[in-house]
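Build out the structure end to end from the sequences listed, making use of the hints.
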Amino acid sequence: AQSVAQPEDQVNVAEGNPLTVKCTYSVSGNPYLFWYVQYPNRGLQFLLKYITGDNLVKGSYGFEAEFNKSQTSFHLKKPSALVSDSALYFCAVRVSYSGAGSYQLTFGKGTKLSVIP
Amino acid sequence: GAVVSQHPSRVICKSGTSVKIECRSLDFQATTMFWYRQFPKKSLMLMATSNEGSKATYEQGVEKDKFLINHASLTLSTLTVTSAHPEDSSFYICSAQRSSRAYEQYFGPGTRLTVT
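So the sequence lines, in the order shown, correspond to chains P and D.
The numbering used here puts the first residue of the first sequence at 60, with every later residue one more than the last.
The numbering used here puts the first residue of the second sequence at 670, with every later residue one more than the last.
Taking lysine to aspartate or glutamate and the EDC-like style, the derived pairs with C-alpha atoms no more than 20 Å apart in a straight line are:
{"hint": "1", "chain 1": "D", "residue 1": "K711", "chain 2": "P", "residue 2": "D68"}
{"hint": "2", "chain 1": "D", "residue 1": "K710", "chain 2": "P", "residue 2": "E67"}
{"hint": "3", "chain 1": "D", "residue 1": "K683", "chain 2": "D", "residue 2": "D734"}
One side of the interface only, derived from the structure: several residues of chain P facing chain D at Cβ under 7 Å:
{"hint": "4", "residue": "L103"}
{"hint": "5", "residue": "K108"}
{"hint": "6", "residue": "G169"}
If you're looking for bench data, these hints aren't it; they were derived computationally from the structure.
Just so you know, even glycine gets a beta-carbon here, dropped at the ideal spot from N, CA and C.
As structure tokens, this is what we get:
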């Protein structure tokens, strides 16, 4: 079964320091991977995706993610954390084909990022 | 671009009543919309996949007679929680997928349902 795992429930980082939110995946075939962010009582916002191509993917708000096939990982990174980055982050993988050119996403359990001033 | 709205943002209803939640893609057409349920401090659970003009596909364990989904147009899908009970209280989130770009989904802001 296609799945992603986020091993950390919470990540704390000081403002200005680099941050990493971890994600590992288990898929058959080529993985299509995504990162989303959720602020309190809000829906999810798309950050970035890996479909093919360069292993380093750049996304919104200065975030990037590195696809590592040998380690089956897709960690989210940012060189310098901001307090406003504090939120819940979800890794997701595309799974079955729903028809009409659409795909379902399976989400990790989420990692709460707290950036400390 | 790629804005998805949900209405209402919050709703409180009495046990036994029905509640309708709307999901609209405001600036693009969405052949497919998805409905998720999120429990506190938990991940999103896919409830159903809604394709315009056809019946929704429900995930295992989701009661299709209780959670009625209608996708009447390329910009609107509705979720109706029928005969709601307190255990239906949750955060419901919809997402929409562009017809022409079948990768990322765009999420609505969510609807907080409280059944008393």
